[in-house]
Amino acid sequence: MKQKKDVQQGTLALMLLKTLDVLGPLHGYGIARRIEQISGYLLSVNQGTLYPVLLRLEQEGAIASEWGPSENNRRARFYRLTRAGHTLLGAEKRDWEQTAAIIARFFDVKAGDLG
Amino acid sequence: MRALHRLVTRLLNLSTRRRGDERLREEIESHIAAQTDENIRAGMSPVEARRRACLKFGAVEAVRENYHAENGLPFVENLLLDVRYALRVLRKSPAFTLVAIVTLMLGIGANVVVFGVLNAVMLHSLDVSDPSSLYQVRHRQWTQGKLLTTSYPTFEDLRRRNKTFSGMAAIYAYSDTSMNWRRTVTSVHGDEVSGNYFDLLGAQPALGRFFHAADEHGPGSAPYIVLSDSLWRTAFHADPDVVGTTVEIKKHPFTVLGVASPQFQGTERFVWPDYWLPMANEQQVQGYDFLHGRAQITVTVIGRLKPGVTQRQATDDLNKIGAQLANEYPQTDDGQPLRLVHPGLYADEGDVIREFLWSVTALALLVLAAACANLASLFAARASDRSRELALRVALGSSRRRLVRQLLTEAVLVSLAGGGAGLVAAYLLLGVLSRTAPFAGSLTVHVDARVYLVGLVLTLTSALLFGMLPARQAWQSSPLQMMKGAHPQSTHLGRFALRDLLLGVQIAICMLLVTASLVAVRGMTRALHTPLGFQPQGAMLVSLDFSQVEQEDDLALEKAKAIIEAMREVPGVTAVGAVSRTPMTGGMHGIPVFPPGTAEFKLNNSVLAPYVFTMSPGYLEAAGTRLLGGRDVSWQDTTETPYVAIVNQTFARRMWGETPAIGQRFLLQRNLMEVVGVAEDGKYHDMQESSQPVVYLPLSQSYSEPVFVVRSPRAPIEMSAALQHTLSGIEPDLPIAVRSWSDTLSGELFPARAATVALGVMGLLAAMLVVTGIFGMAAYNVSRRMKELGIRVALGARRTQVMSAAVGRPMVLLGAGSLLGLLAGIFASRLLQQIVYQANPSDPAVVGGAVLTMALLGIAASAIPARQALAVDPSSLMKEE
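Chains A and B supply the protein sequences, listed in that same order. At position 47 of the first sequence the residue is numbered 47 (our numbering), and the sequence of numbers has no breaks. At position 792 of the second sequence the residue is numbered 792 (our numbering), and the sequence of numbers has no breaks.
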């Protein structure tokens, strides 16, 4: 149970970093919306789960945050990727691609190929 | 790196928790508002829009919890909560807390002191390079105190012929003289050593330089001296320009080469030399030459093994040389088997010292064990008093693990406080010990990291030991039973049996300790009353520095005679005598005695090797040694008249058995001696020695510089002035030193004193633990059973019945525990004999004393609870419920 959550969190963090990489500084709500859009609403996560992840990434120095006005003039906290965050994103991306490639190869193998 | 970054932030957050909360709340608010706006734009009613937004966000509390878990360190936060709660609980019962802390302070403090000494004496190596390869050569036979092993020529042979040592040095550690520097005379003692001594040890000077083997070229060629740091500071005012100047010893100039570093104190831990000078110049200091005679055993040999050589190989090598020497010099070298020990603790006495320290360590640990048993039962009693509270917490959903952690936290807090106080007390005590140095010589006890570590380990271990019991109790308790308010003692008999067992064990341990301390005290009293064969009380030793006066032996003898006559005239003086060396001043070795008519003076032909003292007429009287038969020596015994001697009882018995000794003859130093008197036996080298044969020779037939013994009821300070005045008529400006004889012997009694103090303190602690243990248990019993006792009284129970109900069980435990402890004490007699000589724990007085002590302690401890039980007033108790 716990492991599953860890995997999800890791994935969520990666999505989050990529979102900030693409869109630049963004508040929590914006990030949540973006993830929903990109995933085509297939990913059903409670939006609230974002915040602990954001906090952890911030503590790790991958992102930084500050208060600022949102589009409709509310006070919101804006998150942006730091230099360390860029590096982290690069590394995580490579990791992920590698894992995905390995898994993909397993799926590609047909019984005949082993012969 | 990232993990570290995160840890630091989380630690910081511990203190700024509120702000994190605020921030999350605001973020959630803004998030939900944004979602609501969007929902409204999508056409929902404001209420519906907000509801959907909240749903989409998820459970705010869960998010907040996760957020906190990420933000702070929950483990630390819980710990802080536990600590805060524990502090509050402990503050609520200050008496209990104080008793627990003091108990632990004593237990841990005692252990830290003992370990501190052990650490300083045994666990720190000597301040020389590579101490593990440094050995001291000993005779195979185990002897006490005697450091000297071979003659100087034998040492030279060993050094030259061995193949297993990279170097060997000789030490004569009994050098005693006075030193004249800028007209100030200081009485000093030190080491005379072979030239390679410092190089062999790998010591470095703090100032100037040390002497080396290349500095000596035969007898009298190296008039150099190296000062110890402490002598340099006291007598030379730490003057850095002292290097290169000259000091005078016995009118001979010695050049100060250098000053040793403060850490370097020679090769003995307890005897720190004031100076080192080359053995080549020994004759100038000692007045006689022992570099050439093979018959006299005059040096201690130390050596450093070559790398890769084992102790066994080296011993075999030395013994092979010993056998060769016995062949080559059959008259003097007896080829006694040799062995190797590490130097530092008076050679063989190291075994005794080590065993003593380990034994005291064991006893100290027992005290701590008893203290832990005591605390365990106290804590367990408290936990069962709090059982209702604990049950309530379990019922409200607190996990048992959490409860146990809470109880352990309390135990650790108490033991940290106790351990901390114990460490501070031990630190102060060790400081006092180091400064006053009651040891026969000097020893500094440093409180280093190792000591602190031991203190901490002991503290935590004891916390676990006494914290586990209530924790176990809490773990097993059933909330239902507790809530029903059932009497725990009726349902959990097992637990109370365990507590009884704890008290029993505690009493047994304490009994053992009380027995031990009584044994020590008795041993000490006996040691103080051991017949010494002389009476140091009421006598003083007067040393005169004849080195300031150039003179021949004959003249010196006349002078000594005149001084004795003059001293006798001083008012208040009842007896005066002079002797070459007073008993128990160390450095003594037997001188071989041969039967009359011996042609070959081989050691194997000698019949005895008695200690030899040279004395003036009247010395025996002044020293308080009884002359059992015959006559005293007299000034009329001169080198012109037949040689005479007085022997002690042991000498007479071993030489001639039942035949009267007076009139018998023997050969000593090639002179035929006639026995003219027999003196009583005594102690000559140390307190523990068996009866030793002794020969007293008249000063007038073999002169050596004497020390004067003056018996007078007047105080040494008064006498000093009177004597100075008297002597100025004979020899003006003669430095004179007067000491009370008893004071000079205090070092000899040190082992017995130390053992008595150590065991006495342990015994006292043990006695206190018995009192608190029994008191605690009896008081607890009475308070728990107040109601029952009240009913009993109301139903007409007699006072004795109430008493036995109240304090019966502790009393039974006291009896059983004492019996066990007593038996353990008798079985442990071997251990006790190591610590105090003349100890015998099955001694009826000791057994009786121990039993009586325990009985008194038991009565004292249960008196208050018993009174409380007797004062039970049924009517008021009934009204309370």
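For the record, the hints were derived by calculation from the structure and aren't laboratory data. None of these values were measured; they are calculated from a predicted model. Ideal Cβ placement from N, Cα and C applies to all residues, glycine included. Mixed in with the good hints there might be a few duds.
Claimed, not checked - Computed footprint of chain B on chain A; a stretch qualifies when at least three of its residues, placed anywhere within it, have a C-beta under 8 Å from a C-beta of chain B:
id	segment
1	25-33
2	46-52
3	68-80
What the hints assert, rightly or not - Just a few of them, taken from the derived set where beta-carbon distance is under 10 Å, the chain A residues facing chain B:
id	residue
4	58
5	59
6	105
Stated by the list, open to error - Just a sample of chain B residues kept apart from chain A, beta carbon distances all over 10 Å, derived:
id	residue
7	5
8	33
9	640
Q: Could you work out which earlier hints the structure fails to respect and list their numbers in ascending sequence?
A: 6, 7 and 8
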